[in-house]
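Participant: Sequence:
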Amino acid sequence: MALEFYEFTSIGDRRINQDFMAHVINESYALFVVADGLGGHHAGEKASRFFCQGLLKAADIYSKQMAQDPINAFSAWIASAIDEMKALFAFDKLGHDAHTTCAVLYLDEQQALTAHCGDSRIYRMNPQRILWRTQDHSIPQQLLNEGKITEQEMAQHPEQNRLTRTINIMKAHEAEINLYPAIEKGETFVLCTDGFWEYVKPSELLRLAKPAIGMDDLAKLARLAMSRAQGRSDNITVQWIRKF
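All residue numbers for the sequence shown refer to my numbering, where the first residue is -11 and numbers rise by one.
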């Protein structure tokens, strides 16, 4: 696919980076994923990495099914990744308490699909506006939907870290899957963990959809988010995709 792509990750002010990201870009389709692990003693770090590895391992199988039955094929792809997660944890006792968020984007010439769980996000933009973002599975998102807080208040809400869905080998929750029209020339997708979007204003995010944006611009905005956290920055991971 005719895509321009950049990605950035940083440990922020944490001891380890529990975020993980991966991608596949070839002639027929593209897949992008960011994941934010949750759990102490490296459990979250493993969960995010194992989930991403599971997606890549199953790519050749499920990418061939996306044209005929995209929703069910994508759902099966996610489930296969979680099965691989479970296999990689094997007899590791951390596995049951290891969770991860995810934001997964699949693109081909006919369609765009998203799968997300938790508060890692996907944004779709053109140079004029943010077209949409995925809806977080979190308490603040519920409060926003009920009209009790504003979009701007979400990021610093005291319950920001309270999630209502996560990926875990026990499969208690499912990723939310949505089907959209194919990416158009000049459109931009951004996938990111909460360490990025919490400290980035919508107007600043929209600058990433402007022409002539490059890797330096993406890294600059990510570092600005870290600076605004004032020594309390979470891990930051962001992927940027545009069709040209």
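Any given hint might turn out to be false.
Said to hold, decoys possible - Listed below are the simulated BS3-like cross-link pairs for lysine-lysine, each with C-alpha atoms no more than 27 Å apart in a straight line: (1) K173 <-> K189; (2) K52 <-> K159; (3) K198 <-> K52; (4) K208 <-> K159; (5) K52 <-> K74; (6) K159 <-> K198; (7) K159 <-> K189; (8) K198 <-> K136; (9) K208 <-> K173; (10) K173 <-> K52; (11) K159 <-> K74; (12) K198 <-> K173; (13) K189 <-> K208; (14) K189 <-> K81; (15) K208 <-> K231; (16) K173 <-> K231; (17) K74 <-> K45; (18) K136 <-> K45; (19) K231 <-> K45; (20) K208 <-> K198.
Unchecked claim - Derived Cβ-Cβ restraints for the label pairs, each shown as a range: (21) G28 <-> N114: 39 to 47 Å; (22) F232 <-> L167: 20 to 28 Å; (23) I(-1) <-> E147: 19 to 27 Å; (24) P190 <-> N60: 31 to 39 Å; (25) E147 <-> E97: 36 to 44 Å.
Just so you know, these hints were derived from the structure itself, not from any lab.
It should be emphasised that the depicted structure is a prediction, and the values quoted were computed from it without experimental measurement.
The C-beta atom is built at its ideal place from N, Cα and C for all residues, glycine as well.
Participant: Give a verdict on every hint.
Facilitator: For each hint, the structure was consulted:
no.	hint	in the structure
1	K173 <-> K189	holds, 25 Å
2	K52 <-> K159	holds, 25 Å
3	K198 <-> K52	violated, 33 Å
4	K208 <-> K159	violated, 37 Å
5	K52 <-> K74	holds, 24 Å
6	K159 <-> K198	violated, 39 Å
7	K159 <-> K189	violated, 34 Å
8	K198 <-> K136	violated, 32 Å
9	K208 <-> K173	holds, 25 Å
10	K173 <-> K52	holds, 24 Å
11	K159 <-> K74	holds, 10 Å
12	K198 <-> K173	holds, 13 Å
13	K189 <-> K208	holds, 14 Å
14	K189 <-> K81	violated, 40 Å
15	K208 <-> K231	holds, 22 Å
16	K173 <-> K231	holds, 5 Å
17	K74 <-> K45	holds, 14 Å
18	K136 <-> K45	violated, 42 Å
19	K231 <-> K45	holds, 25 Å
20	K208 <-> K198	holds, 15 Å
21	G28 <-> N114: 39 to 47 Å	holds, 41 Å
22	F232 <-> L167: 20 to 28 Å	holds, 23 Å
23	I(-1) <-> E147: 19 to 27 Å	holds, 25 Å
24	P190 <-> N60: 31 to 39 Å	holds, 34 Å
25	E147 <-> E97: 36 to 44 Å	holds, 41 Å
Of the hints listed earlier, those the structure fails to meet are numbers 3, 4, 6, 7, 8, 14 and 18, in rising order.
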